[in-house]
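Participant: Sequences listed follow chains A and B, in order.
Residues 1 to 753, numbered by our numbering, are exactly what the first sequence covers, in order.
Residues 1001 to 1753, numbered by our numbering, are exactly what the second sequence covers, in order.
These are computed hints drawn from the structure, not numbers from a lab.
Just so it is clear, the structure is predicted and the values come from calculations on it, not from any experiment.
Please note that the accuracy of each hint is not assured.
Between beta-carbon pairs, the in silico distance windows are [as the list claims (entries may be wrong)]:
| no. | chain 1 | residue 1 | chain 2 | residue 2 | range |
| --- | --- | --- | --- | --- | --- |
| 1 | A | ASP603 | B | ARG1375 | 32 to 42 Å |
| 2 | A | GLY93 | B | ARG1375 | 29 to 39 Å |
| 3 | A | PRO477 | B | ARG1375 | 50 to 60 Å |
| 4 | A | HIS639 | B | PRO1279 | 26 to 36 Å |
| 5 | B | GLU1635 | A | ARG617 | 49 to 59 Å |
| 6 | B | ALA1336 | A | ASP657 | 39 to 49 Å |
| 7 | A | HIS639 | B | ILE1029 | 37 to 47 Å |
| 8 | A | ALA530 | B | TRP1540 | 29 to 39 Å |
| 9 | B | GLY1093 | A | PHE340 | 54 to 64 Å |
| 10 | B | ASN1592 | A | SER702 | 33 to 43 Å |
| 11 | A | ARG617 | B | LYS1601 | 52 to 62 Å |
All C-beta atoms in this analysis are idealised placements derived from N, C-alpha and C, irrespective of residue type, glycine included.
Number of protein chains: 2
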Amino acid sequence: MHHFSLAALWWQTAPATATLSSDQLYLWIALAIGVFGLLAALLFARSVLASDAGTREMQAISDAIREGAEAFMRRQYGTIAVLAIVIAILLYGGYSISPRTAPYAAVTVISFLIGAVCSGFAGYTGMYVSIRANIRTANAARTSLNRAIQSALRGGAVTGLIVVALALIGLGLLFLAFGGFHHPQEVPYRLVGFGFGASLVALFAQLGGGIYTKAADVGADLVGKVEAGIPEDDPRNPAVIADLVGDNVGDCAGRGADIFESTAAESVGAMILGAALYPVFGLKGVLFPLVVHAINLIASTVGVMAVHSKENEEPMHALNRGYYVTSLLAILGFAAAVYFMLGGRWWLFGCGILGMATSYLFVVITEYYTESRYRPVQSIARASLTGPATNIISGLAVGMETPAAPVLVISAALLLSYYFGIRGLEDAQIANYAKGIYGTAIATMGMLSSAAYILAMDTFGPITDNAGGIIEMSNQPESIRERTDKLDAAGNTTKALTKGYAVGSAALAAFLLFSAYLEEIRNVVMDRVAAAGGYMPAGWSFDNVNLASVPVFVGALLGAVLVFLFSSLAIQAVGRAAQYIIQDVREQFKENPGIMLGTSKPDYGRCVSIVTKAALREMVVPGLLVILLPLVVGEVFRHFSTAFGVHAATNVPMIHDMPVNLSGAEAVAALLMVGTITGILMAMLMNNGGGAWDNAKKFIESGQFGGKRSEAHKAAVVGDTVGDPFKDTAGPSLHVLIKLLATITLVLAPLFL
Amino acid sequence: MHHFSLAALWWQTAPATATLSSDQLYLWIALAIGVFGLLAALLFARSVLASDAGTREMQAISDAIREGAEAFMRRQYGTIAVLAIVIAILLYGGYSISPRTAPYAAVTVISFLIGAVCSGFAGYTGMYVSIRANIRTANAARTSLNRAIQSALRGGAVTGLIVVALALIGLGLLFLAFGGFHHPQEVPYRLVGFGFGASLVALFAQLGGGIYTKAADVGADLVGKVEAGIPEDDPRNPAVIADLVGDNVGDCAGRGADIFESTAAESVGAMILGAALYPVFGLKGVLFPLVVHAINLIASTVGVMAVHSKENEEPMHALNRGYYVTSLLAILGFAAAVYFMLGGRWWLFGCGILGMATSYLFVVITEYYTESRYRPVQSIARASLTGPATNIISGLAVGMETPAAPVLVISAALLLSYYFGIRGLEDAQIANYAKGIYGTAIATMGMLSSAAYILAMDTFGPITDNAGGIIEMSNQPESIRERTDKLDAAGNTTKALTKGYAVGSAALAAFLLFSAYLEEIRNVVMDRVAAAGGYMPAGWSFDNVNLASVPVFVGALLGAVLVFLFSSLAIQAVGRAAQYIIQDVREQFKENPGIMLGTSKPDYGRCVSIVTKAALREMVVPGLLVILLPLVVGEVFRHFSTAFGVHAATNVPMIHDMPVNLSGAEAVAALLMVGTITGILMAMLMNNGGGAWDNAKKFIESGQFGGKRSEAHKAAVVGDTVGDPFKDTAGPSLHVLIKLLATITLVLAPLFL
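Chain A with its partners taken away, still in its complex shape (with noise of 0.2 Å):
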């Protein structure tokens, strides 16, 4: 293998480009796409930008959410950063130890480095746009239906299509810049830092605003609703602000980290893959992932160009022709990448519709178990009439009933699509299994091939729920609320559909991500092996991880633990920075009697800023753990006796005539896979448990089993209230903990051996 130097590898592009060949021009191709995306985003920021910001106290309002927003957000990231440039240097330090590992120090760092900041930036320029569209979607609601879903989804379109143009752009000149075009087979394994680094971003960006928006909810409810006897979304309530910035900073910002990383990592799983495959497909399997990704941002835009609304029309049907648009493109632009870069291997396509199979299914049961209309809400609502203790008993029920549909459909994916990936290549001449990891990859990227949209409508619900917030703050006629609680409505549903997709592609992506894992431990010992002079049994693989050894087991176990203590942590965390909202508003209305009466305005700012404080530091020990778990766990059974090993050493890679030592690296991959499945059965529990528990109580806010302010009502507000730190900061923290647990292990793999 080449060992890279830093300035022997900056800038290899140009001779690259002189030998430009036809394999070659699907990368340049890509890259002028994701460019394309991204000045398609910058349209749509203009064109919702250039629209009418309503009146004067509409625009207060939203300044309010702006000033609130940017400023947890400038703290936010101030604090991520100094997080990840502690996290660099050790990396660097940890890269640096062993004279084998030291030569990828600074390509790993830099491409960590660079999909932090990508990663931020997705982040950070997607609520730029949103808490701008907020109150354009409240002033355009106050004359038409069509032009506030529109703009809505125009906002949210921005944070889309930036999110995956970056992964593309970032992905692709790192391709290049490392010498891709010169080592295609080795320098996907260089990238692996890049999706760490969008990970870690991530998980922090979620935490911390999923710790941010729940505690400023749970807080302004209690002390507002609850204690204080006023309505939601009361200007009297000086948390509401904080409430109202943290739908921005923990769904737009948050989410939009979290599209951006399932993007990164699974494009680097799936180019490390493609590394394998290529004595099959050549340079083109290495870049499909990002041509995937082109054609995501095509189709994307094109569907939400095509989102017009009758203005009696349902919201979501309006939302679902987009989807449907680019779900027809994706499969076009699908069938003609396999066509061109896959040799038309038809079986490889099923898995592409596989993946975008399983990413209907898994809408169409979030739906099942988030929606009145069926039985799961239905019932939570009735148990709702006998007290708060049956409510919750039942959303919990429901919680951990929700994963076992999904789980069929995963299961069926990975089966089918392993099985269509070994028939699509039944020619070549690679194992089996390669063959079927392969076909779950394109799954994924089928899965993917809609992500733009999906998170276009996703980022549509906090700006709709802004909206209508402005609109009920600032005193607007009753029949622009009701236009504004329609959008509201469906945003919730976008939300929770979007949370589905979030943990489908999760649970699909797992093997791809596994098998990147075993595919790099592979390859850093056959480096070892190869520097000390051993013994590598030919066509020797990484591709055991043994439940039945002691230590591997253990190792899953604690993946499996890791996943409770993480949610206990994240759940605790809002409790806390909860507490610290109450004590504020209750401080503010005994210093100040007048803000009850309305004659003089509470201090929004004070609530903002103490639960921007609460926040950061509450994400620091959870997102900690995540990150070091994986480490301890590597290190430390790396020094266990071989003695723990089940196999005879038979066959192995040896260095003087000693097997390499694989326990720490099995170990590792145990945690990760138990932690996986874990983390998605977790993750489904608290996301449709939180989303049955919302629908619950607005299905009795609609009138039935007594309607407002009946006892059953509290029971379900209850209700929500627990489900609120369950679906919006435990719940999506989990899908990034999930691929954060991968792209570590991904990078910290050279030291686990």
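Since chain A is already given, all that's left is putting chain B on it; use the hints.
Facilitator: Same frame as chain A, now just chain B:
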């Protein structure tokens, strides 16, 4: 391998005993001590029953409880008997299909039925005594704390001793009957049916009892305390007797069956591993688990006898003294058994000590999370100040935190006992893996060596709970109530501790049971290959469960989802059954207004009968799910093409030049292992979360955070109600589920190939 026929098998004991060797003597000694255990139980029962049964009023209440409990048990065991017979027939059919398993059909079904009957008998007799000990304890409490403690503990000891003695005698006699002295390496595999029978009955006993007890409890509380505003255990509440009945059928009978199946399943597993070590220890290694249970019986009997309390002492102190006496004797006995039977390999004694230490640490950790002296319970109590929502959030967060410390303890115990096993068997000519796993088996034996005393302490709980209820309902003076309240508090603690112990033993035993399954598969494969004249690599063993293979990963995913779905179904069952009670109580209040005035008596029997029917109906679906899923996964994946397999087929068992297809067996192994991991974590979440909620409520009732009838108290009552089905239905049923998964996979193993 020798093929048994029933006729040849039955009563091979006689020739065996004719040539009694010193090794065989151990079995006879163990059996004799088993009989002694039964006698000791009889004496304890007589001493409890001989004491005075209190006033006529008290007896009326006690009679009502007894009648309700007996009616439930009759119907429950009727339902279970039908299910068991159906399963026995299917099992016989399944084994008979293939000519290779047919010879074992009869023995497997016979040991299944005997195991089932013993398990049922263990649960029933334990409850028989406890529903008679409750009133004697109540009466004793009128004069002396010491006599009350002794009465409750000895009543509990009847369950503890019978459970362990029956497991010992049942397994010992089957071993004899199946010709164990002639074929000591093969007969342990024939005993798996016994473990399965025990687990099956235990699951339904625990699940049905758990649903009953919590449906009655939740129903009685909601309609009594919340709706009608009358205190707990108020005789005007028609559901109050059903509630008291529930304590017996859920806690006593359920836990009795639970520990019976732990003892049985883990002993069978350890005997199978002992058989694998036959070259080292001979017959003694196979009999060792039975001898440990003999020690357990003696140590626990002495421990129970040693409990005396001063009148002003905390009851827990007296109970702990008995525990220390038992532990000390168990250590001495264990040392003697290691010296005489395992050739004084003191590293193995170390394994036993590790097991005892694990048990102790689990108890300490459980105390930390469930006692009001410590942070977790206090944090829940404090969160109650801001209402039920924060109480629930805080309780769930505590619940999700609880598995972390126990998992670290279990990880250390597994790794250390594995290491000790390798050291202790350094000179033996077997694979390190077998040595290490035997170490974990010895550790499990160590943990179980005080099981009878632990179970006595556990059953102490419902007896004192009932005694408190009887005192409450029969209008005794305040001073006596204070005494029973003290007893009741101690009972709550012992119940929580035993649950910690039960999860701990399930976790530590996991490896023992996995390995028994892997051994069983190896055995079946060898059989197959021999019969077909195929190729069997020397020293081959089935010791690889490769999580990196897609079908295996899917098996793992399904194992985890099983735990979630089962918990959901169990909790939903409680909710539905509780609705029936609530309706009936409401109707009774409406039909007969004299009930609330205290002028006429409610119809207790109607409530008991309604909840009985509901609980039994509700237990069937979740129970069948656990039985069917491993069967379906094994059968479906068995037919998966070997193309899914990861391994190049080198040096594996072959029949007709095709590798033996292990896909089904491997996927089931993953289901078992990851199901176990998830089950352990979920059980801890539920048991400890539920216990913490309960004690947070009690902490507030003791005057903290506003005391009884404050808003915080109301919030805490909500948490307590949510925790009820967690800690008394789903959590304990999950212990049983984990072990049932292990025994059912053992029994079905031949069908997966």
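Participant: If I claimed the Cβ atoms of A/ASP603 and B/ARG1375 lie 32 to 42 Å apart, would that claim hold in this structure?
Facilitator: Taking Cβ atoms as reference, A/ASP603 and B/ARG1375 lie about 33 Å apart, which means the hint holds.
Participant: Does the Cβ-Cβ separation between A/ARG617 and B/LYS1601 fall within 52 to 62 Å?
Facilitator: This hint holds: roughly 59 Å between Cβ atoms.
Participant: Determine whether the Cβ-Cβ distance between A/HIS639 and B/PRO1279 falls within the hinted range of 26 to 36 Å.
Facilitator: The hint (26 to 36 Å, Cβ to Cβ) holds, given that A/HIS639 and B/PRO1279 are roughly 32 Å apart.
Participant: Evaluate the given range 54 to 64 Å for the C-beta pair formed by B/GLY1093 and A/PHE340.
Facilitator: About 56 Å separates the Cβ atoms of B/GLY1093 and A/PHE340, which means 54 to 64 Å holds.
Participant: With respect to the beta-carbon atoms only, verify the hint that A/ALA530 and B/TRP1540 lie 29 to 39 Å apart.
Facilitator: holds, 32 Å
Participant: Mind checking the hinted window 37 to 47 Å against the Cβ distance between A/HIS639 and B/ILE1029?
Facilitator: holds, 44 Å
Participant: Given the hint of 50 to 60 Å, check if A/PRO477 and B/ARG1375 actually sit that far apart at their C-beta atoms.
Facilitator: holds, 51 Å
Participant: Please check whether B/GLU1635 and A/ARG617 have a Cβ separation lying inside 49 to 59 Å.
Facilitator: holds, 53 Å
Participant: Note whether the CB distance of B/ALA1336 and A/ASP657 lies within 39 to 49 Å or breaks it.
Facilitator: Cβ of B/ALA1336 to Cβ of A/ASP657: about 44 Å, so the range 39 to 49 Å holds.
Participant: Does the hinted range 33 to 43 Å hold for B/ASN1592 and A/SER702 at CB?
Facilitator: holds, 38 Å
Participant: Can you tell me whether the CB distance of A/GLY93 to B/ARG1375 sits inside 29 to 39 Å?
Facilitator: The hinted range 29 to 39 Å holds for A/GLY93 and B/ARG1375, with Cβ atoms some 36 Å apart.
The structure is consistent with each of the numbered hints, conforming to all of them.
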